[in-house]
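Trainee: With the numbering used here, you'll find the sequence shown wraps up at 430, consecutive numbering, no jumps.
Since the hints were derived computationally from the structure, they do not count as laboratory data.
Nothing false has been slipped in among the hints.
Calculated lysine-lysine pairs in the DSS-like style (CA-CA distance at most 25 Å, straight line):
hint, residue 1, residue 2
1, Lys365, Lys387
2, Lys386, Lys365
3, Lys365, Lys430
4, Lys359, Lys386
5, Lys387, Lys359
Nothing here was measured: the structure is a model prediction, and the numbers come from that model.
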Amino acid sequence: MAEIGIFVGTMYGNALLVAEEAEAILNEQGHRARVFEDPQLADWQPYQEGYALVVTSTTGQGDLPDSIVPLYQGIHDKLGHQPKLRYGVIALGDSTYSHFCGGGKKFDQLLQEQGAQRIGEVLMIDASEDPEPETVSSPWVEQWGALLK
282 MAEIGIFVGT MYGNALLVAE EAEAILNEQG HRARVFEDPQ LADWQPYQEG YALVVTSTTG
342 QGDLPDSIVP LYQGIHDKLG HQPKLRYGVI ALGDSTYSHF CGGGKKFDQL LQEQGAQRIG
402 EVLMIDASED PEPETVSSPW VEQWGALLK
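Construct all of the structure, not just a fragment, from the sequences and the given hints.
Mentor: Laid out in structure tokens, this is it:
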């Protein structure tokens with residue numbers, strides 16, 4: 282089974298709740314998942330040839346929450362090409378704002394540019410439609426975890 286780092290960017294705790302639920306589901310499937318609440322580049326590096334799940338909300342004008350910005354910047358500035366990385370993204374946002382799920386989209390774009398292989402589609406959760414995001418994320422995580430080797 283896979284070792285999975287779950288990297289969280291949260292403002293009010295919803296992304297962390299989704300990440301902790303994902304951790305439980307993936308571990309129940311036999312994987313070894315671990316949540317990083319204030320992720321740094323050093324937390325990411327052991328997973329570069331494995332699996333990463335990014336769970337992030339969106340702030341301001343489609344920006345990443347402060348808690349995950351150091352990781353994003355570190356990946357952008359120091360890592361470059363990551364062709365062996367396989368990853369997923371769960372993006373939380375609110376469709377009443379113009380930059381819906383911009384934080385997750387930004388992270389996905391960075392990893393795509395670095396040659397990482399996304400597993401499945403980016404899950405975009407709309408706070409105005411789904412006030413309890415884990416009800417949407419949990420089935421997605423179950424399917425995503427089943428795709429891992």
